[in-house]
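Novice: The residues making up each chain are set out below.
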Amino acid sequence: MLARRLVKLSPHVALLPMALTVLLAYVGGALWTLRTSFTAARTFPSDKFIGVAQYVRLFDNERWLLSLHNLAVYGALFIIACMVLGFLLAVFIDQNVKGEGVLRTVFLYPYAMSFIATGLVWQWLLAPGSGIEGALRQMGFAGFSFDWIVHQDLVVYTVVIATVWQASGLVMALMLAGLRGIDPEIYKAARLDGIPAWRTYLQIVLPMLGPSVATVFLLLTTAVVKLYDAVVAMTQGGPGIASEVPAKFIMDHLFLRSNIGLASAGAVTLLVPVLALLAPYAYARSRRARAGGAHA
Amino acid sequence: MSHHSLQAVAPPLPMTNAAPLKRRRRVTPARLGVYAFLFSAALFFLLPLYVMIITSFKPMPEIRSGNVFALPAMATLDPWRQAWGAVSQGFWNSVAIAVPSTVIPILLGAINGYALSFWRPRGANVLFGVLLAGAFIPVQVMIYPLVWMMARAGVFGSLPAIVLVHVIFGMPLMTLLFRNYYASVPHELFQAARIDGGGFWRIFLQVMLPMSLPIVVVAAIMQVTGVWNDYILGLVFAGRENLPMTVQLNNVINTTTGTRLYNVNMAATILTAAVPLAIYFISGRWFVRGIAAGAVKG
Numbered sequence: 001m002l003a004r005r006l007v008k009l010s011p012h013v014a015l016l017p018m019a020l021t022v023l024l025a026y027v028g029g030a031l032w033t034l035r036t037s038f039t040a041a042r043t044f045p046s047d048k049f050i051g052v053a054q055y056v057r058l059f060d061n062e063r064w065l066l067s068l069h070n071l072a073v074y075g076a077l078f079i080i081a082c083m084v085l086g087f088l089l090a091v092f093i094d095q096n097v098k099g100e101g102v103l104r105t106v107f108l109y110p111y112a113m114s115f116i117a118t119g120l121v122w123q124w125l126l127a128p129g130s131g132i133e134g135a136l137r138q139m140g141f142a143g144f145s146f147d148w149i150v151h152q153d154l155v156v157y158t159v160v161i162a163t164v165w166q167a168s169g170l171v172m173a174l175m176l177a178g179l180r181g182i183d184p185e186i187y188k189a190a191r192l193d194g195i196p197a198w199r200t201y202l203q204i205v206l207p208m209l210g211p212s213v214a215t216v217f218l219l220l221t222t223a224v225v226k227l228y229d230a231v232v233a234m235t236q237g238g239p240g241i242a243s244e245v246p247a248k249f250i251m252d253h254l255f256l257r258s259n260i261g262l263a264s265a266g267a268v269t270l271l272v273p274v275l276a277l278l279a280p281y282a283y284a285r286s287r288r289a290r291a292g293g294a295h296a
Numbered sequence: 297m298s299h300h301s302l303q304a305v306a307p308p309l310p311m312t313n314a315a316p317l318k319r320r321r322r323v324t325p326a327r328l329g330v331y332a333f334l335f336s337a338a339l340f341f342l343l344p345l346y347v348m349i350i351t352s353f354k355p356m357p358e359i360r361s362g363n364v365f366a367l368p369a370m371a372t373l374d375p376w377r378q379a380w381g382a383v384s385q386g387f388w389n390s391v392a393i394a395v396p397s398t399v400i401p402i403l404l405g406a407i408n409g410y411a412l413s414f415w416r417p418r419g420a421n422v423l424f425g426v427l428l429a430g431a432f433i434p435v436q437v438m439i440y441p442l443v444w445m446m447a448r449a450g451v452f453g454s455l456p457a458i459v460l461v462h463v464i465f466g467m468p469l470m471t472l473l474f475r476n477y478y479a480s481v482p483h484e485l486f487q488a489a490r491i492d493g494g495g496f497w498r499i500f501l502q503v504m505l506p507m508s509l510p511i512v513v514v515a516a517i518m519q520v521t522g523v524w525n526d527y528i529l530g531l532v533f534a535g536r537e538n539l540p541m542t543v544q545l546n547n548v549i550n551t552t553t554g555t556r557l558y559n560v561n562m563a564a565t566i567l568t569a570a571v572p573l574a575i576y577f578i579s580g581r582w583f584v585r586g587i588a589a590g591a592v593k594g
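Each protein sequence line maps, in turn, to chains A and B. Last residue of the first sequence? That's 296 in this note's numbering, and every number before it is there in order. Last residue of the second sequence? That's 594 in this note's numbering, and every number before it is there in order.
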């Protein structure tokens, strides 16, 4: 009797760590932050509710607004560049080329490196005078200038370059896996119809890669929202506050500026685009699960 | 994933005529274009690695006067010695963090995946859905409440704290990997073990775990790489004594005043990237498998 009851209980006991993680860390943490964003908390949590005052303050804050602006510019460029470069690499690798294995290894290795290492390498490469700029000047292009990293209006683009270098191999790998799943007959049929190769890829193959593209888009978008390490390593948010991003704004206000209330309001704001993106994805998933039965 | 190997033959190049068996490619302009593109892309990807390596062997005067792309004229190992002195503590800290932060999440992920796939207790799938969604939420949302809870429990800023945080944030991916792996195991196998009188833990330990080696390898690759490359969690939770290598590296390079020793910096950066890069180069396709398995959420 007892043994049977134990067996029935075991799965629940086994899933206890997961339940605690979900309820305490994820749900509890998010609710705690939501609550804190409505309080006047500074160094310590507070029970003094002040409505949406923190949000008003947040969207009055020049640094936060600049961070959002940077994130929008960075996000759009990063996602587009990664997608285009990754897709092109996958398509070109898929042309039966020699040395495919070597090329794949070369395109993906930066993804194994941390954003910190990535940021530091590119900081060195882009350092005005001594990096690429200095090298090209020595080669005889005396007037050559590439000082974006110390330029207020251009510094964001250097972060794009470094992170695209790090992440586009991932897009290549996922797209290539998608391409390998496509029936080769399609290429043959398109060729017989006299459709040029580039149109075959753009108008026939790309739409067939829909699920891969969606996955890649989701992964890249979450990477954009989480952008922190690369900026810390490369520019520390500078010059001035020119390359600040929301994740860094939140971290600075949590741990350096003792303004938990404001930081929490920022964190909740950051959560909105993520949830907006996840909702349709989760909806599609649950619909698929219902249509396909329990084993989906 | 499973039909991947069947598709090993790449689709034929669109612009050449399809002679089915022995086809010899003529060198067409299009073909040259393909190689030109791939070659320039490879240069772009290799350039930082090349510059990192050669810079780490140059003495400082050569860096100041020379060209960033030029090979070292007088190669020296001094920067490497200095770099190891600067980040070796971080290296051992990262090892101390990475070992339990890999073993525990894999074990929990395996148990979760097994329970979710075969026992399906009520409500477990909802829990799992929330866990997966959690993987997409920026850590900034959860970081302060965790700091607060751990400070109250008196473990904040310690090795157990950073390990616990890695367990929490590694759980979505680890659970997903094992759940999907066990979903491909025939249910009859589980039924047979049940009929033989196997209980929850016995079936897990004697039937499921022994056949999980491939996914354990994939999970270990993913988790070690993720933990080793983490910066933000180590910075916040590890405490002064246990700062991981990434944090120490960034401190050495970005908060040191005075002349920048680029050669030492690059050597230290290579040292910090060495573990995940070694895993990547050695594991090869397994690494890609891990990415693919982790990317297909659900």
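One or more of the hints may lead you astray.
Unchecked claim - Facing chain B, a subset of chain A residues (Cβ under 10 Å, in silico):
id, residue
1, V27
2, A53
3, V56
4, L77
5, I80
6, F107
7, S130
8, H151
9, A162
10, L218
11, A263
These aren't lab readings, by the way, just hints derived from the structure by calculation. Yeah, the Cβ is synthetic: ideal placement off N, Cα and C, and Gly gets one too.
Novice: Next step is simple, just say for each hint if it's right about the structure.
Specialist: Going down the list of hints, with the structure as the test:
1. V27: holds (7 Å)
2. A53: Interface hint status for A53 (chain A): violated (19 Å vs cutoff 10 Å).
3. V56: violated (20 Å)
4. L77: violated (16 Å)
5. I80: violated (17 Å)
6. F107: F107 (chain A) check passes; min Cβ-Cβ to chain B is 6 Å, inside 10 Å.
7. S130: Given a least distance of 7 Å, the restraint on S130 (chain A) holds.
8. H151: violated (19 Å)
9. A162: holds (9 Å)
10. L218: holds (8 Å)
11. A263: holds (7 Å)
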